[in-house]
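If you want the building blocks of each chain, they are given just below.
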Amino acid sequence: MQYRQGDVLIERIISEKLPAGHPTQERLLVRGEGRFHGHFLVGDEVEVLENPGFGAEDTVSHFLEVNEGAVLKHLHTETHQPTREHEDILLEPGRYRVIRQREYNPYARAIQILRD
Amino acid sequence: MERAVHFFYRQWNLPRPFLLRLEHPLDLVKLSLQLRDRASFDSELIARYPAIQELLADQKGQSSLARRWWKTVAGELAQPLLRETRPKNLPEFMRAHRPWYEDLRNAIDGGLKRELKGLSLPKFAHHPHFLDRQWAWYYRKAEQTTEGFEAYWAILEAGLWSALPLKSWFVWCPAPQSLTYDADGNLHNAEGPSIAWQHWPLYHWHGIPVSAKLIEAPESIAREDFLRERNAEVRRCFQERLGAEAFSRLFDLREIDRDTDLQGQEQVLLRTAEPDPVAKEFLQFARVTCSTTKRRYFLCVPPQLTSVWQAVAWTFGKEASEYRPERET
Numbered sequence: 001m002q003y004r005q006g007d008v009l010i011e012r013i014i015s016e017k018l019p020a021g022h023p024t025q026e027r028l029l030v031r032g033e034g035r036f037h038g039h040f041l042v043g044d045e046v047e048v049l050e051n052p053g054f055g056a057e058d059t060v061s062h063f064l065e066v067n068e069g070a071v072l073k074h075l076h077t078e079t080h081q082p083t084r085e086h087e088d089i090l091l092e093p094g095r096y097r098v099i100r101q102r103e104y105n106p107y108a109r110a111i112q113i114l115r116d
Numbered sequence: 117m118e119r120a121v122h123f124f125y126r127q128w129n130l131p132r133p134f135l136l137r138l139e140h141p142l143d144l145v146k147l148s149l150q151l152r153d154r155a156s157f158d159s160e161l162i163a164r165y166p167a168i169q170e171l172l173a174d175q176k177g178q179s180s181l182a183r184r185w186w187k188t189v190a191g192e193l194a195q196p197l198l199r200e201t202r203p204k205n206l207p208e209f210m211r212a213h214r215p216w217y218e219d220l221r222n223a224i225d226g227g228l229k230r231e232l233k234g235l236s237l238p239k240f241a242h243h244p245h246f247l248d249r250q251w252a253w254y255y256r257k258a259e260q261t262t263e264g265f266e267a268y269w270a271i272l273e274a275g276l277w278s279a280l281p282l283k284s285w286f287v288w289c290p291a292p293q294s295l296t297y298d299a300d301g302n303l304h305n306a307e308g309p310s311i312a313w314q315h316w317p318l319y320h321w322h323g324i325p326v327s328a329k330l331i332e333a334p335e336s337i338a339r340e341d342f343l344r345e346r347n348a349e350v351r352r353c354f355q356e357r358l359g360a361e362a363f364s365r366l367f368d369l370r371e372i373d374r375d376t377d378l379q380g381q382e383q384v385l386l387r388t389a390e391p392d393p394v395a396k397e398f399l400q401f402a403r404v405t406c407s408t409t410k411r412r413y414f415l416c417v418p419p420q421l422t423s424v425w426q427a428v429a430w431t432f433g434k435e436a437s438e439y440r441p442e443r444e445t
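Quick mapping for you: the protein sequence lines, in order, are chains A and B.
Going by the working numbering, the first sequence opens with residue 1, and the numbers climb by one from there.
Going by the working numbering, the second sequence opens with residue 117, and the numbers climb by one from there.
The set of hints was computed from the structure by calculation and includes no laboratory data.
Hints may contain errors.
Quick look at which bits of chain B chain A covers, simulated, 3 or more residues with Cβ under 8 Å [as the list claims (entries may be wrong)]:
| # | region |
| --- | --- |
| 1 | 133–140 |
| 2 | 215–226 |
| 3 | 337–351 |
| 4 | 402–414 |
| 5 | 417–425 |
| 6 | 437–444 |
Positions of the beta carbon are idealized from the N, C-alpha and C atoms, including for glycine.
Can you make the complete structure from the sequences, with help from the hints?
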């Protein structure tokens, strides 16, 4: 099961436990650049792990353990008001991976993470 | 302005400060960094404002009065007014106006951060600041205000954006000379800067910060300008600013594959007619449509991909068969 909010793909993981990662209290999963917009995870019973291998080749930035449902929101990072660019996405209890969008740079022959 | 600033310094039993007006917040930030890190002198800044050399040499001038301004403005001017008038409508008034002020401050702070390229912004005095107009304008209509409030209002009315209040110097810069918005209230100007200071223009396309070149000289935009930009929103601005025809001409794009995504939005795989002379390969783009805003985005993908599903899935590190988002917003 996959959900997409702009440049972020959330994918359900069918697994007994989350992959290894660094626990974090930060709920701003992806910060936009220069615009004060970001993708926030809102929910009380949520565990967020940062993927230490995140990069252009492994575009999974976080793993999520959602125990009581959560919502992915696109908000202004300062005022926390909805940006109206992307609707909320409701996540049922379960485990998920957060995948960032990437693109190809033909001049550098490199893969780069997109910045919303 | 001068008389009003002197009023406050007199209240604090300080001698009259020298007033130094800089052109824009970037110069104010540069001076602030200069004071924070005296080892590196910005000769360009000193050349533009000879008084800065004097200021830097003045040891007394280097203590900030930010805390005293805060105490006076927030504690002695604003709080008594709040208690006295007990405005039922103020929170609503502030809520209604706050987004406008916040957007403007964020746009300017964003511009400063881009200019400083990774340097952290110095912490500015909250007062005096243009943003104080939010509450001060409201109280301006109150029947009774104090002499202090009137002096403070005079500073705001003089067009101040922000200040660096020091013991013997009061350094300030004015608010932008003009602000331009689109019909939805986003900073936007297709003809020039949306936030205009004479020597520090900031450009926006429907709220997105963009380069001067995109607005002032779109005909000079080259392929590399677009591909160098890694922010998807800014890229969308390139496409909108240039227009579909000019954008396609820039890359001479041909359609390779087309389909609708699971939300019914168009997605197209496009390829240049000829290999790019610099990259020495075909340039290929997936053009996708946001289901919420209906905006179109171009994403560069590797040239060996042949279907649009393959291309969009690749942008998330997936094979075409693995990519089936059931909801997209």
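Which numbered conditions among the earlier hints are violated in the structure presented, ordered from lowest to highest?
-> The structure conflicts with hint 1 only, although it agrees with all the remaining ones.
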